[in-house]
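Chemist: The chain contents come next:
There are 2 protein chains.
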Amino acid sequence: MRLLFLYTTLVISVGFSFQAKAQHPCTYNSKEEARMIQKALPTNALLNESFLSIKKEVDEWVGKDIDVPTPKDPAGGYTHEKHKANYILLFNSANLYQITGEIKYAQLVKNVLIKYAQLNPKLSKHPESKSSSPGRLFHQALNDANWLVYMGLAFDGIHDYLSQAERKQIAEGAFKPEVDFFTKDLNSWFNLIHNHAVWACAGVGIVGIATDNDSYVKMALYGTNLDGKTGFLANIDGLFSPDGYYTEGPYYTRYSILPFYLFANALQHSQPELKVFARRNNVLQKALTGALEQTNTDGGFYTYNDALKEKTYTCNELVEAIGIAWQVYGANPALLPIAKQQNRVTITKGGVQIAQALINKNIGKQYPYHSIQFTDGPKGDEGGVSIVRSNSKEGLTSLIYKYSSHGLSHGHFDKLNINLYDEGHEVLQDYGAVRYIGIEQKFGGRYLAETKSFAAQSIAHNALVVDEKSHYDGNEDESQKNHPNLLFSQIGMDSAVQVVSAMDDKAYANINMHRTEYLLKLPKMNKPILVDILRVLSPDNHQYDLPFQYLGTFISSSFTYKSTKQTQSTLGAKNGYQHLWKEAEAKATKPLTQFTFLNNSRFYTISSLTDDSTQLFFARIGANDPNFNLRHDPVYIIRKKGGNQAFVNIVEPHGSFDPNKELSTDAYSTVKSIQMLQNDEHFTVAEITVGTQPLLIIQCNDQVDKKAQHTAVVREKSYVFKGAFAVYVGGKPL
Amino acid sequence: MRLLFLYTTLVISVGFSFQAKAQHPCTYNSKEEARMIQKALPTNALLNESFLSIKKEVDEWVGKDIDVPTPKDPAGGYTHEKHKANYILLFNSANLYQITGEIKYAQLVKNVLIKYAQLNPKLSKHPESKSSSPGRLFHQALNDANWLVYMGLAFDGIHDYLSQAERKQIAEGAFKPEVDFFTKDLNSWFNLIHNHAVWACAGVGIVGIATDNDSYVKMALYGTNLDGKTGFLANIDGLFSPDGYYTEGPYYTRYSILPFYLFANALQHSQPELKVFARRNNVLQKALTGALEQTNTDGGFYTYNDALKEKTYTCNELVEAIGIAWQVYGANPALLPIAKQQNRVTITKGGVQIAQALINKNIGKQYPYHSIQFTDGPKGDEGGVSIVRSNSKEGLTSLIYKYSSHGLSHGHFDKLNINLYDEGHEVLQDYGAVRYIGIEQKFGGRYLAETKSFAAQSIAHNALVVDEKSHYDGNEDESQKNHPNLLFSQIGMDSAVQVVSAMDDKAYANINMHRTEYLLKLPKMNKPILVDILRVLSPDNHQYDLPFQYLGTFISSSFTYKSTKQTQSTLGAKNGYQHLWKEAEAKATKPLTQFTFLNNSRFYTISSLTDDSTQLFFARIGANDPNFNLRHDPVYIIRKKGGNQAFVNIVEPHGSFDPNKELSTDAYSTVKSIQMLQNDEHFTVAEITVGTQPLLIIQCNDQVDKKAQHTAVVREKSYVFKGAFAVYVGGKPL
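Chains as they are written, first to last, in our numbering: chain A, 8 to 741; chain B, 8 to 741.
So that you can see chain A by itself, here it is in the shape it has in the complex (with noise of 0.2 angstroms):
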């Protein structure tokens, strides 16, 4: 595994001066928060459940002699599972000591950290370790830093019950192990810029904090050379955008947001002078919310990048987050649907303000979702993320178009990648990553070797795969020096007509992939739909084929097509092809070709723009997977060939099936033609009749100043407009 070192502008504060002999507890709770919270439970009924559950489960362990057993199993297996519990045990039952008094678990999390104390100078690289940077207590050294977090935060809440002498024994058993492993031994691990080294440096650091250990904070804030280049706030500069975007991806912002958070909130009891909240205008907030615009309404975050597709806001790293935002960044109803589904708060002061927040309150059923960009790279000039959403009283829709740089080792070669949600079903689905994470029997819970050889490869996404080959042809360093450049775009989810164009010239040496996504609004229908205009500008000859990872259940196409019977074979064999089991392959015909398929009760039409040249087939991913790890997803694909090339397809939902009333309405596409009249450097002019209905979309290639005016003939009519584009319906803007 490669990860990326980023440059980072950060100049240390050398006038700063820490505090070695703070007031404990001062990682996580204050004595004065504690106070306040105890205040509070009797009269704050979700509090108070959200108190007894964490109650409840330590209660369970109280007087007992907890195993802290010799490290021996990976992910899912007895001792990764003991380790993995203890450090939550001894985390919540510090918390109950200070909201309770109660002696007894003080003394809970002193005898377990005793016995690491006496455990952890014994071990050595962990016997199930595969990785690159092995951990000690777990097979990686991720989850040692998990480890040092929670320890960190569960010694400091015990710190005063504490001898001098025991707690010289725990900084020297349990934690200076760990401590010196990190900074000595994965010392240019701990240096990353990236989601292991964040765990890393909160752990290093919460744990210099609890132990008062001035040398330990030093190296988690600047990194172990202590000249800033790495460390905690070089990855808040280096991992964010600008607004907040995290370059891995949802589903790693919401795993890294929980150390970013609960150091930054260490550092904000313990340094408020450092003001890590405020960091380069608060992007530790708009990492959060900017986490929350990348969910679907089911609470799952978008799938892109290496994700797990059961991972929703519901889930704790979320829960501790919010918590600490409510805090630190003031009331914001925005978050109070999550919190509700959520259904529990933190044992903190920002969890006893959300959860007195939640009482007689008209909570909104969802959060308020946004069309909204982001750029990607700490400077915000690396690409981005457009989510594109439109609202009806039949839904939410939204589109996420992807032209960001890789996101480091999780990235995916998906250059100018489009997914489609339907509320929270996906419709045109991104794969996510090959993993069972928490069942041993599933290679212990790690990424699988599928999610490289499938899920990573371009033919994956529903993005333009060249001659059978991935971006950058699978390789992650190329992919990740480079990004497709936003081109012009316009969005607002009042807007009938929303547009984000980006283009690509570097995933594939002397081809440029130009993608242009409207998200239209039409008179008279109901749901948006989607026009997929794609150039394809190359002096040499090439196989372009256009994948769309439809779910759903096929229910008619305009062509004839040849379907497998007796003996299937795959698509290709290698670069992800060898994964798709090839069930019917088809000539287009010209000019139209439509496939339509049902998804949760609403049928889609994918209208494309095809000649008689045109390939069409029907895989099922499932194929070459020895050990039955991938899902038998359905993929349509669209091949052309040619130097020049042009896809314009369009996604229209439309309709309804309710199998309970056996009623369906609108089970036909009303899209009747698509003709492509003008496609050169200058502009590229898409005719459409949608129903009765003349659409008529100009793109400008060559100009894309918003006020720049331009005239475009077409049908030997002039259409003046400013920008780069203009929609048109029966002859009028849209």
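None of these hints come from the bench; they were simulated from the model. No incorrect hints appear here.
If chains are identical, the list can't say which one is meant, so a pair holds when it fits in one copy or spans any two.
Here are the simulated DSS-like cross-link-like pairs (lysine-lysine), alpha carbons at most 30 angstroms apart as the crow flies: (1) K488 / K581; (2) K368 / K347; (3) K528 / K89; (4) K668 / K63; (5) K386 / K714; (6) K132 / K668; (7) K400 / K347; (8) K79 / K183; (9) K63 / K534; (10) K111 / K46.
Assemble the complex: chain A is given as a structure, and chain B must be docked to it using the hints.
Modeler: Chain B in isolation, oriented as in the chain A frame:
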């Protein structure tokens, strides 16, 4: 399509004389009932909402010219859906007229009926008809029967508003051509014992009552020969077993219960002396509760025989039936959880009563399900179906064991089939039927060819397949002649041991299949395990395939298998095997083979008694499917060869997986060994180790008397027990 004529013992009540000039309306709500509903409306929110919802639908059409198109399209097409919408509209409008007295509703009904009076005499066989029982307004006569039922009710609702001339015009123009077509042209179809005939009789009978046509009513009740061997009453006698099991299975119970109840309700109003609801000890009441017992906790009807998975008890058929049942059979609190989920009531006296019962009541979360046994056949001597249930804090486990008769034209070749549910989740599924009802593009919403070629075949079930041939070699006529027999059983939800044993010796020549299901609640286990013992007795050698239609994600197997890579082929050439892709195969190991999968956050392991001649297959549905009609669900198949053979399989739910918390518990099976210590004409003795608990099952094969005492010697120890089986854990009876 071959339909079965059943002998019926009905003796016609000769003295019965029909009251030709009834007071109208008398088919749905009486005048008195309408007044009662009117009064209740302002005071009951759910009733009022239900009323307003219908009113809103009808009001959209009041005063408009409603199209009565010349029939042209199959299901899903315009003319089909329009005629369907028309009969619902007229039924509702007539009911609104009765409740509100507003003339506009009567006018609407009249105008449309007059149009039908003009159209219908001109019609002949529907142009899209592909059935042996074609319709006129619709592609199949069944839909015309639906039309006749609702139009008869609508006519009756406005009977007194119509002039005598109008009544005559409608009776002779709209109804007579349909009634004549049914009772003359389709005479043999009308005289079936089958759900189609129930609809047809209900239509002709309701029209007879509504138009004061005694001859129609008599044909409806006693068949066109008036001998009572066919007709409505013969269907009540012939389609239900004495305990209300409907021979076509729950999906079709749902469908046919509507005409049964609607016509019975009309008869109850017009000829209460017939006491049709009391017939055969309230068999219509038993049919309704029996249908509800055959639903899963999500409301879906069990999908054996031809069935669509999406149908739940919130469908209109059940709303209507529950409304009438409440009115006829009196209050039944067990129905309230259903009514609550339906969230609407009929605008009838029963609807008023249910809506009132739903106020201020502690309504249960779900129907109070039981372990229950149904006999099949009019006399209850044609096998049956057992639903064996077990409740725990982790939810309701439901095992369906089917040893019934074929189930007429919608039956499958599924002798001794089992299905397993965990709450609403299918664990071992029944595929159901291959059909997209209401979607015109999918063969007009009709049954698709893969229903016969795959879904009905034995290999599509969890049933034994011999020599890759379906039961009765796929011959429906032969299958309909026979049925398996129940040997012994002991059920009861609170019992730790529930057992059902049945035998079939007709499905394959010279082969005796004896399958016994043990649902056992073992000490220290959260969920019951299923021990499935299948003995096969045959003088000749055969190939035996036992498929498990599991739903879920492959987690692990105890054996090494060889999986496909670049190409894959079907498992066989016919009898359903041509629709299965062979994804992997393996030689089993001796004596235990285990396969674990994940289904909806719970692990399941199938532990099987195997030897080194046993073969194992992982297959997937979806081969030879030119129209992409099939779901791509997985199948696990155990193949043994020989003469006498035995399968012992344990289906064990265990642990849980929470992907949001990334946490799995008890991910490994606790079954350590399976041994068959004896299996002969006297006893089958299976010794199983579950965790550290030795489980011993002794089954008596030659004596099923509950009172008979047996002594079995196992490992030199004598076990003395009464009845056909005994289950011991750690040497003590469970």
